[in-house]
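Protein sequences appear in the order of chains A and B. Residue numbers are given in my numbering: position 259 of the first sequence equals residue 259, and the series is strictly consecutive. Residue numbers are given in my numbering: position 123 of the second sequence equals residue 404, and the series is strictly consecutive.
Note that these hints are calculated values from the structure, not bench results. There may be inaccurate statements among the hints.
Said to hold, decoys possible - Quick partial rundown of chain B residues pointing at chain A, CB under 8 angstroms, derived from the structure:
1) Tyr308
2) His458
3) Val510
4) Arg551
C-beta: ideal position from N, C-alpha, C; glycine also.
Number of protein chains: 2
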Amino acid sequence: MKITIIGVGLIGGSMALKLKAKGFASYVFGVDQNENHLLEAKERGIIDEASTLENAVSHSDLVIIAIPVDASRKILPGILDLVTENQTVMDAGSTKSGIVNAVKNHPNRNRFVAFHPMWGTENSGPKSAVSESFAGRAAVICDREQSSEDALKTVENTAENLDMHLIYMNADDHDVHAAYISHISHITSYALANTVLEKEREEDTIFQLASTGFSSTVRLAKSHPEMWVPIFKQNKENVLDVLNEHISQLRKFKSALEKENYELLEELIRNANKIRGILEK
Amino acid sequence: MKITIIGVGLIGGSMALKLKAKGFASYVFGVDQNENHLLEAKERGIIDEASTLENAVSHSDLVIIAIPVDASRKILPGILDLVTENQTVMDAGSTKSGIVNAVKNHPNRNRFVAFHPMWGTENSGPKSAVSESFAGRAAVICDREQSSEDALKTVENTAENLDMHLIYMNADDHDVHAAYISHISHITSYALANTVLEKEREEDTIFQLASTGFSSTVRLAKSHPEMWVPIFKQNKENVLDVLNEHISQLRKFKSALEKENYELLEELIRNANKIRGILEK
Numbered sequence: 001m002k003i004t005i006i007g008v009g010l011i012g013g014s015m016a017l018k019l020k021a022k023g024f025a026s027y028v029f030g031v032d033q034n035e036n037h038l039l040e041a042k043e044r045g046i047i048d049e050a051s052t053l054e055n056a057v058s059h060s061d062l063v064i065i066a067i068p069v070d071a072s073r074k075i076l077p078g079i080l081d082l083v084t085e086n087q088t089v090m091d092a093g094s095t096k097s098g099i100v101n102a103v104k105n106h107p108n109r110n111r112f113v114a115f116h117p118m119w120g121t122e123n124s125g126p127k128s129a130v131s132e133s134f135a136g137r138a139a140v141i142c143d144r145e146q147s148s149e150d151a152l153k154t155v156e157n158t159a160e161n162l163d164m165h166l167i168y169m170n171a172d173d174h175d176v177h178a179a180y181i182s183h184i185s186h187i188t189s190y191a192l193a194n195t196v197l198e199k200e201r202e203e204d205t206i207f208q209l210a211s212t213g214f215s216s217t218v219r220l221a222k223s224h225p226e227m228w229v230p231i232f233k234q235n236k237e238n239v240l241d242v243l244n245e246h247i248s249q250l251r252k253f254k255s256a257l258e259k260e261n262y263e264l265l266e267e268l269i270r271n272a273n274k275i276r277g278i279l280e281k
Numbered sequence: 282m283k284i285t286i287i288g289v290g291l292i293g294g295s296m297a298l299k300l301k302a303k304g305f306a307s308y309v310f311g312v313d314q315n316e317n318h319l320l321e322a323k324e325r326g327i328i329d330e331a332s333t334l335e336n337a338v339s340h341s342d343l344v345i346i347a348i349p350v351d352a353s354r355k356i357l358p359g360i361l362d363l364v365t366e367n368q369t370v371m372d373a374g375s376t377k378s379g380i381v382n383a384v385k386n387h388p389n390r391n392r393f394v395a396f397h398p399m400w401g402t403e404n405s406g407p408k409s410a411v412s413e414s415f416a417g418r419a420a421v422i423c424d425r426e427q428s429s430e431d432a433l434k435t436v437e438n439t440a441e442n443l444d445m446h447l448i449y450m451n452a453d454d455h456d457v458h459a460a461y462i463s464h465i466s467h468i469t470s471y472a473l474a475n476t477v478l479e480k481e482r483e484e485d486t487i488f489q490l491a492s493t494g495f496s497s498t499v500r501l502a503k504s505h506p507e508m509w510v511p512i513f514k515q516n517k518e519n520v521l522d523v524l525n526e527h528i529s530q531l532r533k534f535k536s537a538l539e540k541e542n543y544e545l546l547e548e549l550i551r552n553a554n555k556i557r558g559i560l561e562k
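Take these sequences, add in the hints, and give me the full structure.
Structural data, given as structure tokens:
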């Protein structure tokens, strides 16, 4: 199968590496605004050929869009204009309502499958791409009834070749869950980094003392705004909803400490501990 | 050197394993209120003998206290009552002002060295102990001028045998920095877990969708209240100070989203990204 990867970064690059290793992708066209990324991707064997969008799409069975969610939403209608009923287009974005709404009336809507692989790191660019990134992780397909059966099958096969397991839901539900499970973690982590940067003026002390716990909690704060501002923008209402709850949960800790109510503090912590049972089912 | 480990859990157990592996500890007495932990520690080769506190201390060159910080503060004066000028006592607690104040007028204060290894996980008990846990991490020694030179040297040798590098500071400064670098991360993580548990009623969805990012940010929320309530209690003022700043940083994200001020949102994220440069110096 010939594949186009639009955005040869962490996500697109990792997909290409794995799909080539599996023999699922026989030839990979790379499309990217960043010339250096294309060169790097070629060197690392992520892509076989750097190409224009039009040329790549016209020669591909499958087009994978792996760029920030605002750019994905903009580019998708034009790609659907180009494809025939033998081609499939999928994205890899962290929000789904925006992109499905952008093409809901497009005559080729059924060639598109809305896809979200539940994996990422704080790094970016083709140099961060790793073949085994997605193995064992979940992937979400949204609004599957809007896609043709064969297009859906192609994306399901792609997920299988990435060694991912599939979950199906509608785009609106996806965005609510993603706000809880992914987007709020990033805001928390950014705000924690800003807190420490604001309060702890001795950078050397941060560096020297930073424990594994701190590094783990603040890891996501390294993630780029190019990817995350569009996500927060597209999922604004859900993110605000969860953010308000998060601030109110932090206020409970504050109040327990201020009032020296250590029974309440213990109760709050015991409740939080339940996450272990859920994550390690 | 004969060593007593009080609290044969994650921290005490990991120290014992490493110090025995290095040949630094020739014999290890284990003291613990939990009989099962003593049996487990004996089985795993963490300790050579389960013992009463009095017997263990009387036969040891070095006594390591590795129990929650409130219990450490209570037990230390009685241990200092028992030791001679040939013995050394150290702790491993995450707060330092409380414990040094508890013994500041003790006639044997100089036999005690206040110690904090900057490592831990969300797990507990001797089954979690791992020999290489501390390797490459920082350890803090507080108020070194209050300890005898030979006691200090013994603890410095211990840290060296744990493959840790040492930082020296006074206990009050330590507690301020620990609030920034470690304690606030735990509150953030607990509050995030409670947010998700409160808002996301579909536990299966949490389990299925939980990405690496979420798991990483929420990891510390698995940490037990037995350890953490005493830490927050002893470091209340500093933790509240940082917690207030953290809530105000989250409010900035909230305000940027509510006002759709995406330039501000980007600025907040770019600022948070600076943590990468500091952590990866």
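Hint by hint, work out which the structure violates, then give me just those numbers in ascending order. As far as the earlier hints go, only 1 is violated by this structure.
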